[in-house]
Amino acid sequence: MTTDHSRPPHIDTGRAHPARVYDWLLGGKDNYPVDEAVGETLPPQARDAARQNRAFMNRAVAHLAARGIDQFLDIGTG
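With the working numbering as the guide, the letters of the sequence shown map in order to residues 1301 to 1378.
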């Protein structure tokens, strides 16, 4: 399978994407109105859950880095 790298990938800004909704929940800037609209339909706890998830990731990485781990691979939305 060959991939055409001469053009940037198409981003459908008319449909919400989980990564952008997560970004919106965190107060980020990399989202579109459609992502905000979906985020607004989520329960209020969703924003707190996203923040707690991000805080855990930061604590986990800091813990591992303090023990000498110096390479990390972040896979997934958010």
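None of these hints come from the bench; they were simulated from the model. The C-beta atom is built at its ideal place from N, Cα and C for all residues, glycine as well. Errors might be hidden in some of the hints.
[Claimed, not checked] In silico SDA-like links for lysine to any residue, alpha-carbon gap of 20 Å or less: (1) LYS1329 x ALA1346; (2) LYS1329 x ARG1347; (3) LYS1329 x PRO1318; (4) LYS1329 x GLU1340; (5) LYS1329 x SER1306; (6) LYS1329 x ASN1353; (7) LYS1329 x GLY1339; (8) LYS1329 x ALA1316; (9) LYS1329 x ARG1307; (10) LYS1329 x ARG1351; (11) LYS1329 x ALA1349; (12) LYS1329 x HIS1317; (13) LYS1329 x ILE1369; (14) LYS1329 x ALA1319; (15) LYS1329 x ARG1354; (16) LYS1329 x LEU1342; (17) LYS1329 x GLN1352; (18) LYS1329 x ASP1348; (19) LYS1329 x HIS1305; (20) LYS1329 x ILE1311; (21) LYS1329 x GLY1376; (22) LYS1329 x THR1313; (23) LYS1329 x THR1341.
[What the hints assert, rightly or not] So the derived label-pair ranges between C-beta atoms look like this: (24) ASN1358 x LYS1329: 29 to 39 Å; (25) ARG1347 x ARG1315: 13 to 23 Å; (26) ARG1351 x SER1306: 14 to 24 Å; (27) PRO1333 x PRO1308: 31 to 41 Å; (28) ALA1346 x GLY1368: 14 to 24 Å; (29) ASP1374 x PRO1308: 18 to 28 Å; (30) GLN1371 x PRO1344: 30 to 40 Å; (31) LEU1326 x LEU1373: 12 to 22 Å.
Practice problem: Against the structure, test the hints numbered earlier, and report the numbers of the ones violated in rising order. | Solution: Structure breaks hints 5, 9, 13, 19, 24, 26, 27, 28.
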